[in-house]
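Going line by line, the protein sequences match chains A and B.
Quick note: the first sequence uses the working numbering, first residue 1, plus one each step.
Quick note: the second sequence uses the working numbering, first residue 1, plus one each step.
The hints are simulated quantities; they were obtained by calculation from the structure and are not laboratory data.
Worth double-checking, as some hints may not be accurate.
Computed beta-carbon distance windows for the label pairs [claimed, not checked]:
hint: 1; chain 1: A; residue 1: 46; chain 2: B; residue 2: 67; range: 50 to 56 Å
hint: 2; chain 1: B; residue 1: 178; chain 2: A; residue 2: 80; range: 30 to 36 Å
hint: 3; chain 1: A; residue 1: 241; chain 2: B; residue 2: 34; range: 43 to 49 Å
hint: 4; chain 1: A; residue 1: 169; chain 2: B; residue 2: 163; range: 38 to 44 Å
hint: 5; chain 1: B; residue 1: 154; chain 2: A; residue 2: 80; range: 50 to 56 Å
hint: 6; chain 1: A; residue 1: 282; chain 2: B; residue 2: 37; range: 50 to 56 Å
hint: 7; chain 1: A; residue 1: 439; chain 2: B; residue 2: 178; range: 43 to 49 Å
hint: 8; chain 1: A; residue 1: 76; chain 2: B; residue 2: 163; range: 15 to 21 Å
hint: 9; chain 1: B; residue 1: 2; chain 2: A; residue 2: 77; range: 31 to 37 Å
hint: 10; chain 1: A; residue 1: 247; chain 2: B; residue 2: 56; range: 52 to 58 Å
hint: 11; chain 1: B; residue 1: 15; chain 2: A; residue 2: 210; range: 31 to 37 Å
Calculated from the model, a selection of chain A residues having no Cβ within reach of chain B, i.e. all distances over 10 Å [as the list claims (entries may be wrong)]:
hint: 12; residue: 9
hint: 13; residue: 193
hint: 14; residue: 256
hint: 15; residue: 281
hint: 16; residue: 303
hint: 17; residue: 311
hint: 18; residue: 338
hint: 19; residue: 399
Just so it is clear, CB atoms sit at the ideal spot from N, CA and C, and this is done for glycine as well.
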Amino acid sequence: MAPKTLFDKIWEQHVVVEEANQPSLLYIDLHLIHEVTSPQAFEGLRLSGRKVRRPELTFATMDHNVPTDDPFSTRDEISVKQMETLTKNCKEFNIPLADLHSDQQGIVHVIGPELGLTLPGKTIVCGDSHTSTHGAFGALAFGIGTSEVEHVLATQCLWQKRPKTMRINFVGKRGLGIMAKDIILGLIAKYGVDFGTGYVVEYAGPVIEELSMEERMTICNMSIEFGARAGLIAPDETTFNYLKGRPYAPKGEAFDEAVKEWKQLCTDPDAVFDKEVTFDISDLEPQVTWGTNPGMGTGVTGVVPDPNDFESEVEQKAARQALEYMGLEPGTKITDIPVDYVFIGSCTNSRIEDLREAAQVVKGKKVAPGVTALVVPGSKAVKKQAEKEGLDKIFIEAGFEWRGAGCSMCLSMNPDVVPPGKRCASTSNRNFEGRQGKGARTHLVSPAMAAAAAIHGHFVDVRQLDVRRRDTDGTSYSA
Amino acid sequence: MEPLIRHKGLVAPLDKVNVDTDQIIPKQFLKRIERTGFGQFLFYDWRYLDDGSPNPDFTLNEPRYKGASILLTRHNFGCGSSREHAPWALLDYGFKVIIAPSFADIFYNNCFKNGILPVTLDENIVEELFQRTLANEGYTLTVDLEQQVISDEQGWSTTFTTDPFRREMLLKGLDDIGRTELYEDQISAYEQNRRKIYQLVHKP
Numbered sequence: 001m002a003p004k005t006l007f008d009k010i011w012e013q014h015v016v017v018e019e020a021n022q023p024s025l026l027y028i029d030l031h032l033i034h035e036v037t038s039p040q041a042f043e044g045l046r047l048s049g050r051k052v053r054r055p056e057l058t059f060a061t062m063d064h065n066v067p068t069d070d071p072f073s074t075r076d077e078i079s080v081k082q083m084e085t086l087t088k089n090c091k092e093f094n095i096p097l098a099d100l101h102s103d104q105q106g107i108v109h110v111i112g113p114e115l116g117l118t119l120p121g122k123t124i125v126c127g128d129s130h131t132s133t134h135g136a137f138g139a140l141a142f143g144i145g146t147s148e149v150e151h152v153l154a155t156q157c158l159w160q161k162r163p164k165t166m167r168i169n170f171v172g173k174r175g176l177g178i179m180a181k182d183i184i185l186g187l188i189a190k191y192g193v194d195f196g197t198g199y200v201v202e203y204a205g206p207v208i209e210e211l212s213m214e215e216r217m218t219i220c221n222m223s224i225e226f227g228a229r230a231g232l233i234a235p236d237e238t239t240f241n242y243l244k245g246r247p248y249a250p251k252g253e254a255f256d257e258a259v260k261e262w263k264q265l266c267t268d269p270d271a272v273f274d275k276e277v278t279f280d281i282s283d284l285e286p287q288v289t290w291g292t293n294p295g296m297g298t299g300v301t302g303v304v305p306d307p308n309d310f311e312s313e314v315e316q317k318a319a320r321q322a323l324e325y326m327g328l329e330p331g332t333k334i335t336d337i338p339v340d341y342v343f344i345g346s347c348t349n350s351r352i353e354d355l356r357e358a359a360q361v362v363k364g365k366k367v368a369p370g371v372t373a374l375v376v377p378g379s380k381a382v383k384k385q386a387e388k389e390g391l392d393k394i395f396i397e398a399g400f401e402w403r404g405a406g407c408s409m410c411l412s413m414n415p416d417v418v419p420p421g422k423r424c425a426s427t428s429n430r431n432f433e434g435r436q437g438k439g440a441r442t443h444l445v446s447p448a449m450a451a452a453a454a455i456h457g458h459f460v461d462v463r464q465l466d467v468r469r470r471d472t473d474g475t476s477y478s479a
Numbered sequence: 001m002e003p004l005i006r007h008k009g010l011v012a013p014l015d016k017v018n019v020d021t022d023q024i025i026p027k028q029f030l031k032r033i034e035r036t037g038f039g040q041f042l043f044y045d046w047r048y049l050d051d052g053s054p055n056p057d058f059t060l061n062e063p064r065y066k067g068a069s070i071l072l073t074r075h076n077f078g079c080g081s082s083r084e085h086a087p088w089a090l091l092d093y094g095f096k097v098i099i100a101p102s103f104a105d106i107f108y109n110n111c112f113k114n115g116i117l118p119v120t121l122d123e124n125i126v127e128e129l130f131q132r133t134l135a136n137e138g139y140t141l142t143v144d145l146e147q148q149v150i151s152d153e154q155g156w157s158t159t160f161t162t163d164p165f166r167r168e169m170l171l172k173g174l175d176d177i178g179r180t181e182l183y184e185d186q187i188s189a190y191e192q193n194r195r196k197i198y199q200l201v202h203k204p
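Could you put the whole structure together from the sequences, leaning on the hints where they help?
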């Protein structure tokens, strides 16, 4: 049998119909929905008199619109309407919903994995581009539009053209203070924001194998930021250990059986990818973006680039526009850039490990005067765990606001907005113009870098700070 | 969905790379529960000044581009979010065709689902079209999906390719779901078969 990639294996297990000159009909194992991209899909079903084919393979939550200070205080009538519409639709179509009253509520890409809904080998879709997050478990997971949401609700299938495959091999020694966020931002800065367009990307290599599940999720989450349809990491013991005992994961013997299946989910030794890249992280620094897309970034010891140094006229123009929007001068040292806001949260970096990283930096310190700093756990479960570990106290004592679960300041569809002209160090995934609020200036960073910026009032190199450092193998902390 | 076979329309240039979905339709306008009415918010932060008046420096606000239905832009158009509100806004504003050297995947898909034709052309050809659009006020193009040819009124033309499946769906204005339902037997058989090898439904 011809050797196969991990992607090939998952894809082939899910093809329902394959005919020449048309996309394949792919079966979807898990459909996650939220309040923003689903209402028009349900409306479509009603108009055409269709039902939800497999409500039990569908799971809903509320995240984008949720106010994180007091979830029941939604001031915005239309937000309320969207959440009420989701409740009504889930009831009508018999779909499980983790609403604001549920202990399971949280950002859709945080709760899927923590509930064990996300499992290796599944096909997972959601009307949200960061669905790529779930690829960390060796699931084929990608974002879809609302028409496709309606299609999956009605048929549990999707027409998909087989994408091209790419493998990125991460090699080299992970330096002190280098987080998963730095690895993915570094990759995008090097290769550009459309490097992955048309591909499903498998992240592989020794660096990836050593990452925790939270770190893998951060990497896969940002696959879409360089255009990739999905990101994949082969499941291994780290994955199985994470999943064991999760509410929706198989139990007992069924779990052991599942693990046997999941162990098959790896790329065969001689499998061929359409594209293969090796990325050496040995010299990688903590990353900070200076522009208005995730590829416009540099190491923390760097400077804001000069637009004239870019190759093409189109790129020069884009860089010029970005610097104008960001209010930055070429040559400014990254560590001289002051921040007004700090946001630790989002489906990229709001998991327990992210909060631990940030708390390490914050412990015993104070947020710099004039800086507004928020920590927004990704789910109620993350919040509960963090409080159990006393992380909330560390943040609160330092002057951070400790919030409830939701998308929050990542996209400002809720009351958490960065005001015009203000500068935010953010652990989220997009620094697009207006993403965090009209005129808001976003710098993407890791949780540790965001925490350090909050304490110092400007970007600092976390590697220079007197905090407990990572062991040299980069996998655990020394006391 | 409206079929799209041949479209003739005024061309509007948007000379930016990596135009993301947050620019096409800022998130504060995602809160409707209908598919319609998004055109008024298209490119909102570029199109309007802080006081809500039209920004005279934004290309689409120039009188010569009023009524444009073909958008000409640069590479990686539509990157970012999966929000279908982006094509809804473009369509509601009046755009039926978007021409660029490349598109982001999800956005590209979403266009076809809504009767918008995204045309990928070589970067040099796009550059030439920019120059022609800027040089000729009232510059129009005819986009023929059936023949896969784009032409102007001065005799310039080029060919393009579209995925045959998507092309057919667009030419006929077909609804995906109705088509999928024809495969009900295969879907049921798949579900039966798969149940044996892999427990799909997990109960807590």
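* To do: With respect to the beta-carbon atoms only, verify the hint that residue 241 (chain A) and residue 34 (chain B) lie 43 to 49 Å apart.
  => holds, 45 Å
* Could you let me know if the closest chain B CB is still more than 10 Å away from the CB of residue 281 (chain A)? => The claim stands: residue 281 (chain A) keeps its Cβ more than 10 Å from every Cβ of chain B (closest is about 25 Å).
* To do: For residue 282 (chain A) and residue 37 (chain B), compare the CB-CB distance with the range 50 to 56 Å and indicate the outcome.
  => holds, 52 Å
* Look at the Cβ atoms of residue 247 (chain A) and residue 56 (chain B) and judge whether their distance stays inside 52 to 58 Å. => holds, 56 Å
* Asked: If you check the beta carbons of residue 2 (chain B) and residue 77 (chain A), does the distance land in 31 to 37 Å?
  -> With Cβ atoms ~32 Å apart, the hint holds.
* Range agreement (Cβ of residue 80 (chain A) with Cβ of residue 178 (chain B), hint 30 to 36 Å) -> holds, 34 Å
* Would you say the C-beta atoms of residue 439 (chain A) and residue 178 (chain B) sit inside 43 to 49 Å of each other? -> Because 45 Å falls inside the window, the suggested range holds.
* Range hint compliance [Cβ, residue 46 (chain A) to residue 67 (chain B), 50 to 56 Å] -> violated, 35 Å
* To do: Using the Cβ atoms, figure out if residue 169 (chain A) sits within 38 to 44 Å of residue 163 (chain B).
  => violated, 31 Å
* Asked: Does the no-contact call for residue 256 (chain A) survive, Cβ to all of chain B over 10 Å?
  -> Residue 256 (chain A) is indeed farther than 10 Å from all Cβ atoms of chain B, at 13 Å.
* Is the Cβ of residue 9 (chain A) more than 10 Å away from each Cβ in chain B? -> holds, 13 Å
* Do the beta carbons of residue 154 (chain B) and residue 80 (chain A) sit within 50 to 56 Å of each other? -> holds, 54 Å
Hint compliance for this structure: hints 1, 4, 8, 11 and 13 are broken, all remaining hints hold.
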